[in-house]
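*Asks:* Residue numbers (this note's numbering), protein chains in the order written: chain X, 1 to 317; chain H, 318 to 605.
Hints are computed from structural coordinates only; laboratory data are not their basis. Keep in mind it's a predicted model, so treat the numbers as computed, not measured. A portion of the hints provided could be inaccurate.
What the hints assert, rightly or not - DSS-like, lysine-lysine: derived pairs with alpha carbons at most 27 Å apart:
#, chain 1, residue 1, chain 2, residue 2
1, X, 26, X, 195
2, X, 162, H, 451
3, H, 425, X, 77
4, H, 425, X, 162
5, H, 425, X, 161
6, H, 425, X, 232
7, H, 451, X, 26
8, X, 232, X, 195
9, X, 77, H, 372
10, X, 195, X, 245
11, H, 515, H, 585
12, X, 219, X, 310
13, H, 400, H, 413
14, X, 305, X, 219
15, H, 524, H, 543
16, X, 26, X, 77
17, X, 171, X, 184
18, X, 162, H, 543
19, X, 161, H, 451
20, H, 524, H, 544
21, X, 77, X, 161
22, H, 451, X, 22
23, H, 425, H, 372
24, X, 77, H, 451
25, X, 305, X, 245
26, X, 313, X, 195
27, H, 569, H, 544
28, H, 342, H, 372
29, X, 161, H, 417
30, X, 305, X, 10
31, H, 484, X, 77
32, H, 372, X, 161
33, H, 484, H, 547
34, X, 162, H, 517
35, X, 245, X, 171
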Amino acid sequence: MTINKLYTGKPNLEVFSETLIKLARKNRNILVVTSDSRGSGKLNPFAEQLPEQIVEVGIAEQNLVGVSAGLASAGKKVFAVSPACFLTARSLEQIKNDVAYSDMPVVLVGISAGVSYGALGSTHHSTHDVAVLRAIPNIDIVIPADNFETEQVILAASEWKKPAYIKFGKKAMPLLPHTGDEFKIGKARIICEGKDVAFIACGETVAPAYEAARLLEEKEISAEVISMHTVKPLDQEAVLNAAIKCKVLITVEEHSIHGGLGEACASILMQKNINLPFQIVGFPDEDTVTGSQTEIFESYGISGKGLAEKAIKLLHL
Amino acid sequence: MKKHTDPELQIKSVLYRMNILKYIKMANAGHTGGSLSCTDILNVLYNDILNVSPKTISDNNRDRYIQSKGHSVEALYVVLADKGFFPESDLESLCKNQSKYVGHPTRKVNGIEFNTGALGHGLPISAGIALAAKMDNAPYKVYTLLGDGELAEGSNWEAAMMAAHYKLDNLVAILDHNSLQITGLNREVCSPYPIDEKFKAFGWEVKEVDGNDIQQLRKVLADNSKKGGKPSFIIANTTKGKGVSFMENEKKWHHGVPSDEQYDLAFKELNSELVNLLNNNTKVTNTN
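Turn these sequences into a full structure, and let the hints steer you where they fit.
*Replies:* This is the structure:
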């Protein structure tokens with residue numbers, strides 16, 4: 001199976017927008033707050049259909065988050081939507097104090113996340129967001145892998161009583177296999193089971209991990225792929241089970257190798273005295289190379305082929 | 318809401334200042350100068366203006382007060398205790414290990430709406446609440462207190478632009494204009510002036526009052542007239558360290574804690590002012 005055959009879904013952004021329109025029609029307290037980002041957020045249909053439920057603050061991300069916290073305190077269910085790169089850097093203090101510390105149930109939605117903006121460069125990439133938000137108390141971090149997870153997380157977030165950060169990219173996403181498991185925040189989803197190598201991935205790196213599993217299958221190597229959509233709170237049990245079940249473990253993320261999913265998994269394993277060949281795959285401590293999201297992924301081995309090679313190397317085969 | 322006379326509120330201000338110093342001294346920490354400068358503003362808000370009480374603190378239609386200059390939390394704690402949001406004796410734990418009475422506002426304390434203290438946050442939050450009130454056609458108003466040094470934070474200007482755009486005439490920002498910040502005079506650190514013209518240019522209705530004058534504060538804050546859709550900006554000219562001669566207009570009292578001697582001296586000064594006010598008030602009462 002090639003990755004191309006998997007690419008039959010929509011961009012997660014579109015699923016987000018469609019799901020939110022359905023929810024907001026039923027609940028007039030649901031608001032979208034944007035910073036001149038409705039177009040990037042695929043929210044023009046929302047703005048056209050529900051003009052009373054979208055608040056535009058202009059290119060002012062600090063105000064975006066402060067205003068969202070104020071609206072939430074007055075009973076509104078707010079989805080604050082802005083490019084992930086600006087949302088989690090420019091307005092980090094507002095996220096920390098106005099949302100998380102003040103315990104306002106704002107849903108912060110980081111759009112065009114990771115390296116989705118591709119060749120626009122590092123100013124527009126968000127490869128730091130998980131690291132900084134993991135260190136802030138009282139905020140959940142969810143990175144859906146595909147259309148199913150995106151819809152589910154938006155449905156869950158609309159009922160959420162605490163702060164959350166959700167992010168996704170722009171590219172059409174593959175429809176990954178369903179196990180029939182109910183989606184639950186904080187509970188990892190096993191996309192396919194295996195016993196030699198476990199890929200624990202999140203967001204848009206789950207698809208290449210799944211492709212790697214298919215390539216490894218051809219070589220009779222059994223790979224498990226786990227979508228760790230909730231990076232905080234992390235499903236510790238799923239990490240431990242994968243480490244016990246498989247011979248090697250590889251984490252994959254569209255993020256710096258510092259402070260993200262990989263280090264969170266390593267922390268769990270080390271503190272439980274579980275030692276196995278382990279590799280964190282993400283972006284090294286450097287400016288990301290120029291290219292599309294796929295090209296950047298490939299440059300750092302985040303592709304079916306690249307990840308399969310890493311697995312084989314780690315297995316010493 | 319029970320109304321007070323001006324002299325009654327003037328007396329309250331002195332008592333509040335005494336308590337501010339008492340608990341700062343007890344905690345051996347606090348922002349003395351700014352708490353003393355904004356005492357009269359908080360006094361008038363909580364005793365005369367805000368439609369909020371311990372009984373209505375969860376009502377959707379309560380007025381909101383967001384203290385953007387969170388470092389002056391001692392003034393807020395003292396006023397909230399007086400209004401019955403929590404027992405005043407709680408403040409004996411101010412800044413002590415495990416106490417919920419932190420050195421900046423926190424929602425763990427009854428009556429406090431937002432965790433503030435990092436500057437430049439109160440105006441965006443307040444604009445958001447005021448916008449929610451507009452959307453819901455709710456009658457409440459939103460008041461926020463800003464420091465003058467705080468105006469250098471860019472987020473204020475983002476919110477100032479947006480509040481005018483959304484015609485938030487239910488939003489009142491009050492500037493505790495004591496002219497001093499931790500390093501020195503505002504105009505010398507990085508001048509915010511002309512403040513009035515800036516806010517006017519941003520589309521706000523601007524008024525200026527003596528922020529340590531109870532009568533002027535009551536008048537300007539009670540003004541409920543429509544401002545043609547404009548949010549209100551009140552420049553309250555105050556004295557940092559107000560009420561204690563050796564603390565007034567001295568930057569070192571930004572977060573200075575008085576020594577035992579200084580504390581006694583400050584208390585004597587405030588006590589003497591209290592006696593004067595009580596005597597004058599009695600005369601007024603007798604005359605009437």
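*Asks:* Hints first: check each against the structure and report whether it holds.
*Replies:* Hints and how they fare:
no.: 1; hint: X:26 <-> X:195; result: violated, 45 Å
no.: 2; hint: X:162 <-> H:451; result: holds, 24 Å
no.: 3; hint: H:425 <-> X:77; result: holds, 22 Å
no.: 4; hint: H:425 <-> X:162; result: holds, 16 Å
no.: 5; hint: H:425 <-> X:161; result: holds, 17 Å
no.: 6; hint: H:425 <-> X:232; result: holds, 24 Å
no.: 7; hint: H:451 <-> X:26; result: holds, 21 Å
no.: 8; hint: X:232 <-> X:195; result: holds, 25 Å
no.: 9; hint: X:77 <-> H:372; result: holds, 25 Å
no.: 10; hint: X:195 <-> X:245; result: holds, 6 Å
no.: 11; hint: H:515 <-> H:585; result: violated, 41 Å
no.: 12; hint: X:219 <-> X:310; result: holds, 14 Å
no.: 13; hint: H:400 <-> H:413; result: holds, 23 Å
no.: 14; hint: X:305 <-> X:219; result: holds, 12 Å
no.: 15; hint: H:524 <-> H:543; result: holds, 14 Å
no.: 16; hint: X:26 <-> X:77; result: holds, 12 Å
no.: 17; hint: X:171 <-> X:184; result: holds, 24 Å
no.: 18; hint: X:162 <-> H:543; result: violated, 36 Å
no.: 19; hint: X:161 <-> H:451; result: holds, 23 Å
no.: 20; hint: H:524 <-> H:544; result: holds, 12 Å
no.: 21; hint: X:77 <-> X:161; result: holds, 9 Å
no.: 22; hint: H:451 <-> X:22; result: holds, 24 Å
no.: 23; hint: H:425 <-> H:372; result: holds, 17 Å
no.: 24; hint: X:77 <-> H:451; result: holds, 16 Å
no.: 25; hint: X:305 <-> X:245; result: holds, 23 Å
no.: 26; hint: X:313 <-> X:195; result: holds, 16 Å
no.: 27; hint: H:569 <-> H:544; result: violated, 39 Å
no.: 28; hint: H:342 <-> H:372; result: violated, 31 Å
no.: 29; hint: X:161 <-> H:417; result: holds, 22 Å
no.: 30; hint: X:305 <-> X:10; result: holds, 23 Å
no.: 31; hint: H:484 <-> X:77; result: holds, 22 Å
no.: 32; hint: H:372 <-> X:161; result: holds, 24 Å
no.: 33; hint: H:484 <-> H:547; result: holds, 5 Å
no.: 34; hint: X:162 <-> H:517; result: violated, 38 Å
no.: 35; hint: X:245 <-> X:171; result: violated, 33 Å
When each numbered hint is compared with the structure, violations occur for hints 1, 11, 18, 27, 28, 34, 35.
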